[in-house]
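If you use the working numbering, the sequence shown corresponds to residues 1 to 150, in order.
Hint data in this document are derived by calculation from the structure and do not stem from the laboratory.
All values derive from a computational prediction rather than experimental measurement.
Backbone N, C-alpha and C fix where the C-beta goes; we use that ideal spot for every residue, glycine too.
Hints may contain errors.
Calculated pairs, DSSO-like style, for lysine-lysine (alpha carbon to alpha carbon, straight line, at most 30 Å) [claimed, not checked]:
hint, residue 1, residue 2
1, 112, 69
2, 39, 112
3, 69, 39
Label pairs and their in silico Cβ distance ranges [what the hints assert, rightly or not]:
hint, residue 1, residue 2, range
4, 66, 38, 17 to 23 Å
5, 48, 121, 18 to 24 Å
6, 48, 148, 16 to 22 Å
7, 139, 100, 18 to 24 Å
8, 96, 59, 17 to 23 Å
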Amino acid sequence: MKIHAFIFLAVAACTSCTRTTVTQSSPVNGTWRMFAAKKIIGKDTTVTFPVEGQEMIKILNNTHFAFFKHDLQHGKDSTKAVYDTGSGTYTLSGETYTEHLAYCNYREWEDKDFTFNLQVKKDTLIQKGIEKIDRLGINQEIIEMYVRVP
Numbered sequence: 001m002k003i004h005a006f007i008f009l010a011v012a013a014c015t016s017c018t019r020t021t022v023t024q025s026s027p028v029n030g031t032w033r034m035f036a037a038k039k040i041i042g043k044d045t046t047v048t049f050p051v052e053g054q055e056m057i058k059i060l061n062n063t064h065f066a067f068f069k070h071d072l073q074h075g076k077d078s079t080k081a082v083y084d085t086g087s088g089t090y091t092l093s094g095e096t097y098t099e100h101l102a103y104c105n106y107r108e109w110e111d112k113d114f115t116f117n118l119q120v121k122k123d124t125l126i127q128k129g130i131e132k133i134d135r136l137g138i139n140q141e142i143i144e145m146y147v148r149v150p
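When you get a sec, could you build the whole thing from the sequences and use the hints?
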């Protein structure tokens, strides 16, 4: 009886190891630091990053994303205090990247889907696409560039 239990546990352990190694990691997985961004509304282009005294990162795994932007003074200068965050799930098919924003400190952006073109070139991730929320009057193209954090 003990041998059957041992064999069962050994087979279960080997099977779970096999499943883990079969799962392929996406080239977008990891932590990315934003180094440039702009938004385009109609014919107007605005550089939105870099902003002196701020940093932003994006973290991706096989199914979820999260982004965090904050001021480097940790909120101590109330005139420059910034903290933006959001997360949710995503799908990636070729270069088509679709985020479902489930959580966001701008609550009216929650539960929205945004589709972008996503490219990875060496240690750089480039995200381009349209952010559109009709009821908020938002219709803008964004281009964000990130470098992989080692």
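Against the structure, the hints come out as follows:
1. The hinted pair formed by residue 112 and residue 69 meets the criterion: a straight-line CA distance of about 20 Å does not exceed 30 Å.
2. Distance restraint check for residue 39 and residue 112: the Cα-Cα separation of roughly 19 Å lies within the 30 Å cut-off, and the hinted pair is therefore satisfied.
3. Distance check on the hinted pair: residue 69 and residue 39 sit about 17 Å apart at the alpha-carbon level, within 30 Å; holds.
4. Checked against the hint of 17 to 23 Å, the pair residue 66 and residue 38 passes, with Cβ atoms roughly 22 Å apart.
5. In this structure, residue 48 and residue 121 meet the distance hint of 18 to 24 Å, their C-beta atoms being roughly 21 Å apart.
6. Distance hint for residue 48 and residue 148: a CB-CB separation of about 21 Å, consistent with the stated range 16 to 22 Å.
7. For residue 139 paired with residue 100, a C-beta distance near 19 Å keeps the hint of 18 to 24 Å intact.
8. Take residue 96 and residue 59: their Cβ atoms lie about 20 Å apart, and the range 17 to 23 Å holds.
When held up to the earlier numbered hints, the structure conflicts with none and fits them all.
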